[in-house]
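Protein chains in written order, with our numbering: chain A, 3 to 116; chain B, 282 to 392.
Calculated from the structure, these hints are not laboratory results.
In this text, all values refer to a predicted model and were calculated from it rather than measured experimentally.
One should not assume that every hint holds.
DSBU-like, lysine-lysine: derived pairs with alpha carbons at most 35 angstroms apart [what the hints assert, rightly or not]:
1. B:Lys337 - B:Lys307
2. B:Lys350 - B:Lys337
3. B:Lys337 - B:Lys351
4. B:Lys350 - A:Lys97
5. A:Lys97 - A:Lys82
6. A:Lys97 - B:Lys351
7. B:Lys307 - B:Lys350
8. A:Lys97 - A:Lys81
9. B:Lys307 - A:Lys97
10. B:Lys307 - B:Lys351
11. B:Lys337 - A:Lys97
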Amino acid sequence: SQTIHQWPATLVQPVGSPLSLECTVEGTSNPNLYWYRQAAGRGLQLLFYSVGIGQISSEVPQNLSASRPQDRQFILSSKKLLLSDSGFYLCAWSKTPLPYNEQFFGPGTRLTVL
Amino acid sequence: SQQGEEDPQALSIQEGENATMNCSYKTSINNLQWYRQNSGRGLVHLILIRSNEREKHSGRLRVTLDTSKKSSSLLITASRAADTASYFCATGDNYGQNFVFGPGTRLSVLP
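Take the sequences, apply the hints, and build the full model.
Printed below as a string of structure tokens:
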């Protein structure tokens, strides 16, 4: 069966510090991968998606970047965090590109920037 | 732009009652999906209903889709305290773009 891992679960970082959040998927190959951000009490905002190694599409301009160094690894990064980067970050995967199939979500990383 | 909007924003019911949540969207869709999120956790997929379908069932869940009104409803029958969560609809167009989640409905089921 397929599983998706995210770490860390929680993170508190000072403004201006770098960020690296990691997501890995097991039990499938060639997954479509996604990074979402969720503000408190709100819906999800799609940040990045990837259909293959080295292929990254950005949905919104921001202080973040994403990379996919391996087939089942997706990394969310920032060189200098802003207060507005605080939120709940969710990684997800799907067998086919959106919207044609369901997505499977990881447990999320709660990021607080102070 | 494509946008799923759930209604109501919050719903509080007694255990055993039915809960109905609605989702409206603006443009043509390929499918509409409902997800559930327990507090502080990831989302779990509940049901996907395609644009040519009108109703789907999964256990105590019933989803309807009215493409003429650009709306969908999620019915949870005989609710339980464990159903307490936020419920989101998500839509995507036929071009594989504009996959958008609504702001969600927060459901509280009181024992």
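Exercise for the section: Would you mind confirming whether the straight-line C-alpha gap from Lys307 of chain B to Lys97 of chain A stays at or under 35 angstroms? Expected result: Given that 35 angstroms is the threshold and the Cα spacing comes to 26 angstroms, the pair holds.
Problem - Given pair status - Lys337 of chain B, Lys350 of chain B, alpha carbons within 35 angstroms - result: Cα-Cα ~17 angstroms, so holds.
Practice task
Measure nothing beyond the straight line between the CA atoms of Lys350 of chain B and Lys97 of chain A; if it is 35 angstroms or shorter, mark the hint as holding.
Solution key: Roughly 30 angstroms between the alpha carbons, so the hint for Lys350 of chain B and Lys97 of chain A holds.
Problem - Restraint check for Lys97 of chain A with Lys81 of chain A, where alpha carbons must lie at most 35 angstroms apart - result: holds (31 angstroms)
Exercise for the section: For the pair supplied as a hint, Lys97 of chain A and Lys82 of chain A, confirm whether the alpha-carbon distance does not exceed 35 angstroms. Expected result: Holds, because 33 angstroms separates the two Cα atoms, which is no more than 35 angstroms.
Exercise for the section: Take the C-alpha atoms of Lys307 of chain B and Lys350 of chain B, compute the straight-line distance between them, and say whether it is at most 35 angstroms. Expected result: holds (9 angstroms)
Exercise for the section: Sort out whether Lys307 of chain B lies within 35 angstroms of Lys337 of chain B, counting only the CA atoms. Expected result: holds (21 angstroms)
Exercise for the section: Would you mind confirming whether the straight-line C-alpha gap from Lys337 of chain B to Lys351 of chain B stays at or under 35 angstroms? Expected result: holds (16 angstroms)
Handout entry: Pairwise hint evaluation, Lys351 of chain B against Lys97 of chain A, where the allowed Cα distance is 35 angstroms at most
Key = Roughly 27 angstroms separates the two Cα atoms, so the pair holds.
Exercise for the section: Given the hint that Lys337 of chain B pairs with Lys97 of chain A, test it: the Cα-Cα distance must not exceed 35 angstroms. Expected result: holds (22 angstroms)
Practice task
Starting from Lys307 of chain B, check that the Cα of Lys351 of chain B is at most 35 angstroms away, please.
Solution key: holds (7 angstroms)
Consistency note: the structure conflicts with none of the earlier hints.
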